[in-house]
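With chain A fixed as given, assemble chain B onto it according to the hints.
Note that the protein sequences, when read in sequence, are chains A and B.
Note that this note's numbering has the first sequence beginning at 1, numbered continuously upward.
Note that this note's numbering has the second sequence beginning at 288, numbered continuously upward.
No wet-lab data here; the hints were simulated from the structure.
Here are the simulated DSSO-like cross-link-like pairs (lysine-lysine), alpha carbons at most 30 Å apart as the crow flies:
#, chain 1, residue 1, chain 2, residue 2
1, A, LYS262, A, LYS279
2, A, LYS279, B, LYS396
3, B, LYS365, B, LYS417
4, B, LYS464, B, LYS601
5, A, LYS159, A, LYS186
6, B, LYS464, B, LYS494
7, B, LYS494, B, LYS396
8, B, LYS602, B, LYS464
9, B, LYS365, A, LYS262
10, A, LYS262, B, LYS396
11, B, LYS464, B, LYS599
12, A, LYS186, A, LYS160
13, A, LYS262, B, LYS417
14, A, LYS279, B, LYS494
15, B, LYS396, B, LYS464
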Amino acid sequence: MDTFIQQIFNGLTVGSVYSLFALGLTLVYGILHIPNFAHGALYMVGGYITLMMMTHAGLHYVLAIFISVIVVGLLAVLMERVVFYPLRNTPPLQDKIAAIGIMLFLEALIQFIWGAEYRSMPTPFGRVVEFLGITVTTQRILIIAAAVIIMLLLYLFLKKTMTGAAIIAMSQNREGAFLSGINANKTAMLTFFISGALAAVASSISAPINLVFPGMGHLVILKAFVIIIIGGMGSIPGAIIGGYILGFSESLGAAFISNDYKDLIAFILLIMILTLRPKGLFAREVQ
Amino acid sequence: MSVLFDSRFLSSALLIFSVLFPFLTDNQYFLHVLSLAFIWAIAVYGLNLIGGYTGQLSLAHAGFFGVGAYSAGLLMVKGGMNFWPALAAAVLITTVLGFFVGLIALRTKEHFFAIYTLCVGYIIYLIIYKWEGLTEGVRGLIGIPSPAPIGPITFDTPQSQYYLLLFFLVFVIFIMKRIVHSLIGRTYMAIRNSEELAETIGINAMKHKMISFVLSTSFAGLAGALYASFVRFIGPDIAYVNIIFDMLTYLIVGGIGTLSGPLIGTIFIVSVSQSLQFLEELRMLIFGPLLIALIIFYPRGIAGGIQSLLHKRKKTLQIRKGLRQSAAVEEGK
Numbered sequence: 001m002d003t004f005i006q007q008i009f010n011g012l013t014v015g016s017v018y019s020l021f022a023l024g025l026t027l028v029y030g031i032l033h034i035p036n037f038a039h040g041a042l043y044m045v046g047g048y049i050t051l052m053m054m055t056h057a058g059l060h061y062v063l064a065i066f067i068s069v070i071v072v073g074l075l076a077v078l079m080e081r082v083v084f085y086p087l088r089n090t091p092p093l094q095d096k097i098a099a100i101g102i103m104l105f106l107e108a109l110i111q112f113i114w115g116a117e118y119r120s121m122p123t124p125f126g127r128v129v130e131f132l133g134i135t136v137t138t139q140r141i142l143i144i145a146a147a148v149i150i151m152l153l154l155y156l157f158l159k160k161t162m163t164g165a166a167i168i169a170m171s172q173n174r175e176g177a178f179l180s181g182i183n184a185n186k187t188a189m190l191t192f193f194i195s196g197a198l199a200a201v202a203s204s205i206s207a208p209i210n211l212v213f214p215g216m217g218h219l220v221i222l223k224a225f226v227i228i229i230i231g232g233m234g235s236i237p238g239a240i241i242g243g244y245i246l247g248f249s250e251s252l253g254a255a256f257i258s259n260d261y262k263d264l265i266a267f268i269l270l271i272m273i274l275t276l277r278p279k280g281l282f283a284r285e286v287q
Numbered sequence: 288m289s290v291l292f293d294s295r296f297l298s299s300a301l302l303i304f305s306v307l308f309p310f311l312t313d314n315q316y317f318l319h320v321l322s323l324a325f326i327w328a329i330a331v332y333g334l335n336l337i338g339g340y341t342g343q344l345s346l347a348h349a350g351f352f353g354v355g356a357y358s359a360g361l362l363m364v365k366g367g368m369n370f371w372p373a374l375a376a377a378v379l380i381t382t383v384l385g386f387f388v389g390l391i392a393l394r395t396k397e398h399f400f401a402i403y404t405l406c407v408g409y410i411i412y413l414i415i416y417k418w419e420g421l422t423e424g425v426r427g428l429i430g431i432p433s434p435a436p437i438g439p440i441t442f443d444t445p446q447s448q449y450y451l452l453l454f455f456l457v458f459v460i461f462i463m464k465r466i467v468h469s470l471i472g473r474t475y476m477a478i479r480n481s482e483e484l485a486e487t488i489g490i491n492a493m494k495h496k497m498i499s500f501v502l503s504t505s506f507a508g509l510a511g512a513l514y515a516s517f518v519r520f521i522g523p524d525i526a527y528v529n530i531i532f533d534m535l536t537y538l539i540v541g542g543i544g545t546l547s548g549p550l551i552g553t554i555f556i557v558s559v560s561q562s563l564q565f566l567e568e569l570r571m572l573i574f575g576p577l578l579i580a581l582i583i584f585y586p587r588g589i590a591g592g593i594q595s596l597l598h599k600r601k602k603t604l605q606i607r608k609g610l611r612q613s614a615a616v617e618e619g620k
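Here chain A stands alone, though its shape is the one from the complex (with noise of 0.2 Å):
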């Protein structure tokens, strides 16, 4: 019983990264119908400039995380700049290839600077605590607080502010959101900056208890491309429940089938969706 706790703690802090993360992909799917391969880059440029900052620069683990969201932001926005405004009229086939690109790109560029081995990070929440009779570490709870509040922030944003509203419209109707006056410039930039901060806050949050290297990123694309399709691609609460559904189905796989195999549980998942809905789970109505 007591592992089974655990475990069911261990996946509500592994999906509240997964929630997080997704949640940028399926706002920019949403708005501008990109898969953008790049978002596990910008994962792992967050997760380097947060541990630089606290390394090099010596600031405070949250100061750190504060500059990486910021730089992490523009860096999305200049994404959406140079590649994919160029970009917005051609099949979609070269959105795609150019996301890849981008990703590439930043890849190296990280090797470039920083090199290629596994940095641990160091946190200020490492301190052990009985809680219902299990044993978790301050950052656990951290991580899961931290979601559950920006989360809750994103819902009022969306719900309660125009630049929020402007979003939504934009991912509900272009043609009609843009007849109601929206600028559309101006909303992609900031969905991109959004998407961009989630992604930054996720790694950050994340990292001390995995570790930082160039690839990282990797592995955490192809399972947010798993949530937003079980999610259905550009809900927001579907990225929520999908990025829960697969924290919550991959530690209690490791625990109770297979730790070697828990990384294929999200994949195994994808095909049976696939195979029985083409289009993802909640799959909005075409117009």
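Chain B in isolation, oriented as in the chain A frame:
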């Protein structure tokens, strides 16, 4: 002058050059690099068939390359098989696997297809990596024998292996040429341009996508099996996603959806990377932005760029000729 750009003339000149190449150089290293490029080009032709001509971007082809390589390698090392039956079996295994993957994958469209196949590729990599009992996992498979002799012809020198690979490459290009210039090729392009439109004129899109996909996976499997026997060592890395991104770079640089693109792109990038070897992993610092710039400014790569240049030239020549003729007619009046 225009005869120089005639495609038949150009391809026979290229063929003669590649046949004579081992006599022109004593440098074993060049021969090795070019042989390796031939293997990759075969796989990239597969990717071009499904991605370039049929418009379905499959990101599972590194996985199929790995399946081909490991099937051939395992059959030879652990099964004690001769090279030729192992090669045939490897292609068959990859094709059958491609059929079953295609059955499910092709029900999805566009982005879903790309993501789905990327995941399939990753699963293949993970299985190769984790299934140590069969594949030796991260240690890799060593001691794969080189191609067995057929009668008096042996394949133990770099020159003879070069010719063997050249033979397979020419064979693949020949098949591709026949497909592209046939009704089937036109059908694929119709599906690429618009699946709905193709279906309204009575094309069974699913069937044709399926044939194209299965054929393209068998090319990848063939390339993999040849790779195993040529390099004689394989590790799980050959099925990793980086390999599919490499193949995609070759294809985009050469020209996606063109017949000569895969060959041009692969030979160009493989030889450039060999001369930039001090950069190793960092070559993507150059190729990443190159990929993006090409896709924005020259979406059809080197081959596509040359094609449209020649096309324009031909057109201006025709216009000039037309003008001259009409002037002559005017004078005659």
